[in-house]
Amino acid sequence: MEDSKEKIILNIGGVRYETYSSTLRTFPGTKLCSLTEPRASSIYDYDPTTKEFFFDRSAEIFSYVLNYYRTKHFHCPIDTCRSVLEEELAFWEINETQLASCCWLKLNNKEVEPEEFNIWDENEQTDDQCLIVQTERRDFSWRTRWQPKIWAIFEKPFSSFSAKCLAFVSLLFIIGIVIVFCEETKAQFEFFTANFTSVGYSEVSHNDHEPYYHQAAYLLHLELFCVLWFTFEFSVRFCFCPDKKWFLQNPLNVVDFLSLFPVYIELFVAGQIQRMPSLGLWLGFVRIVYLLKLLKISKLIETPLILRVLCYTLKSILREICILLMILAFETLFFGALFFYGELLGSHPYYTGELHFTDILVCFWWALITLTTVGYGDIIPLTTVGQVTAALAAVFGMLTIIIPIPIFLVKFKSYYDIAVFKQKLKRTKKL
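Following the numbering used here from start to finish, the sequence shown increments by one per residue and tops out at 433.
Derived by calculation from the structure, the hints in this document are not laboratory data.
Wrong hints could be hidden among the right ones.
With a cut-off of at most 25 Å between alpha-carbon atoms, the simulated DSS-like pairs for lysine-lysine come out as follows [as the list claims (entries may be wrong)]: (1) Lys295 <-> Lys247; (2) Lys424 <-> Lys413; (3) Lys317 <-> Lys415; (4) Lys158 <-> Lys246; (5) Lys151 <-> Lys298; (6) Lys151 <-> Lys188; (7) Lys317 <-> Lys413; (8) Lys317 <-> Lys295; (9) Lys151 <-> Lys247; (10) Lys33 <-> Lys158; (11) Lys151 <-> Lys166; (12) Lys9 <-> Lys74; (13) Lys298 <-> Lys247; (14) Lys158 <-> Lys247; (15) Lys295 <-> Lys151; (16) Lys246 <-> Lys188; (17) Lys424 <-> Lys158; (18) Lys188 <-> Lys247; (19) Lys53 <-> Lys33; (20) Lys166 <-> Lys9; (21) Lys247 <-> Lys317; (22) Lys246 <-> Lys295; (23) Lys74 <-> Lys158; (24) Lys246 <-> Lys166.
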């Protein structure tokens with residue numbers, strides 16, 4: 003009690019402050035905390051007559067520093083120079099990451115709502131909070147005890163050594179099924195180019211197709227082996243997931259679920275594929291979901307900060323993107339129609355064979371390709387009106403695409419700075 007009532011007097015640039023020693027001990031290891039030690043009077047500028055410590059520093063900023071020791075929330079004046087603030091905080095041995103989010107946004111001129119500061123923590127702690135709720139239940143069954151461990155092994159590659167090994171095995175299977183998919187497409191292309199003529203499918207005996215069927219069966223067995231592993235992995239993850247609704251809403255989990263069907267469907271309709279070759283092409287088209295499984299490699303990156311910032315930036319400017327697409331659609335319709343009638347009016351009506359288009363829909367295709375500055379050259383203007391229209395379309399398309407880029411960059415930089423600041427704050431708290 004006597005120690006908590008002991009007062010310390012501080013003279014900061016001529017302004018006198020008085021506080022309890024227990025207040026200065028709130029943050030050990032800082033300069034103000036060292037003033038409570040017995041040898042502080044011999045180390046710092048101490049006046050035994052007035053019994054006060056003198057520091058020739060900014061009194062205005064020190065008032066906020068002292069308030070930080072009292073409330074554990076550090077705020078600063080808006081009109082403070084950032085360099086001056088960093089210098090004062092370094093003198094008082096306080097980390098700048100302790101600055102409150104509202105003041106950090108104002109100090110760095112970030113046009114971001116303070117609530118968005120917590121978006122990174124909410125996304126990362128959702129699964130952990132669900133697991134905590136699961137482990138706090140009174141039902142101590144084997145599933146409740148093993149659920150957090152098994153979920154961490156299958157979902158968090160860096161949580162343990164066994165999780166790293168499982169992630170490596172899963173990566174090998176993903177690469178393997180992508181290779182099998184590429185080989186299947188190669189075999190299908192060779193088969194259909196050899197058996198399709200200009201009039202349709204050529205009937206060839208089964209013996210002539212035997213090499214293809216042998217290769218297809220070999221690849222199908224390899225694909226089935228990989229899909230069986232994916233089935234086991236998906237079933238375990240779904241069974242031990244703490245939140246089934248969140249699990250089914252995750253796009254990567256939807257891709258995992260869809261990737262289980264192509265090989266099973268082909269096994270059931272294997273006899274019909276020989277009579278209906280187009281069915282094999284459709285099943286090959288569905289197998290494109292195998293390539294989407296490569297997105298799971300992003301989980302092997304321990305801190306994909308840039309990817310998270312990029313996704314959140316795209317979400318924040320979704321309204322601007324929709325407006326941009328509407329403007330692009332209007333320009334496509336306008337310049338496509340202008341090009342269509344410009345070419346018709348500028349050429350002789352009886353020589354439509356010289357034109358490079360058949361209807362206005364083809365002109366809309368030309369306008370979109372020109373506005374995006376791709377310019378395939380499959381359709382070109384032959385008249386003066388068409389060439390002027392093409393030049394205007396190229397200029398307007400370039401302006402439509404270039405002007406929004408600075409807006410996107412400003413937003414991205416703002417969110418990236420916030421994310422980096424949050425990462426620094428997390429590391430400081432762990433230390």
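Consistency of the hints with the structure:
1. Lys295 <-> Lys247: 21 Å, holds
2. Lys424 <-> Lys413: Status holds; Cα separation ~17 Å.
3. Lys317 <-> Lys415: With a Cα-Cα distance of about 15 Å, the restraint between lysine 317 and lysine 415 holds, given a limit of 25 Å.
4. Lys158 <-> Lys246: Within the cut-off at roughly 17 Å; holds.
5. Lys151 <-> Lys298: Between lysine 151 and lysine 298 the Cα gap is close to 20 Å, so the pair holds against 25 Å.
6. Lys151 <-> Lys188: Violated. Lysine 151 to lysine 188 sits at ~42 Å, over the 25 Å cutoff.
7. Lys317 <-> Lys413: It holds: about 11 Å lies between the C-alpha atoms, which stays within 25 Å.
8. Lys317 <-> Lys295: It holds: about 23 Å lies between the C-alpha atoms, which stays within 25 Å.
9. Lys151 <-> Lys247: At roughly 20 Å apart (the allowed maximum being 25 Å), lysine 247 and lysine 151 satisfy the hint.
10. Lys33 <-> Lys158: 41 Å, violated
11. Lys151 <-> Lys166: Within the cut-off at roughly 13 Å; holds.
12. Lys9 <-> Lys74: 19 Å, holds
13. Lys298 <-> Lys247: Given that 25 Å is the threshold and the Cα spacing comes to 20 Å, the pair holds.
14. Lys158 <-> Lys247: Holds, at about 19 Å.
15. Lys295 <-> Lys151: 24 Å, holds
16. Lys246 <-> Lys188: 38 Å, violated
17. Lys424 <-> Lys158: 21 Å, holds
18. Lys188 <-> Lys247: 39 Å, violated
19. Lys53 <-> Lys33: Holds: lysine 53 and lysine 33 sit about 18 Å apart, inside 25 Å.
20. Lys166 <-> Lys9: Given pair lysine 166, lysine 9 is violated - Cα atoms ~55 Å apart, limit 25 Å.
21. Lys247 <-> Lys317: With Cα atoms ~21 Å apart, lysine 247 and lysine 317 stay inside 25 Å; holds.
22. Lys246 <-> Lys295: Holds, at roughly 20 Å.
23. Lys74 <-> Lys158: Violated, because 34 Å separates the two Cα atoms, which is more than 25 Å.
24. Lys246 <-> Lys166: 24 Å, holds
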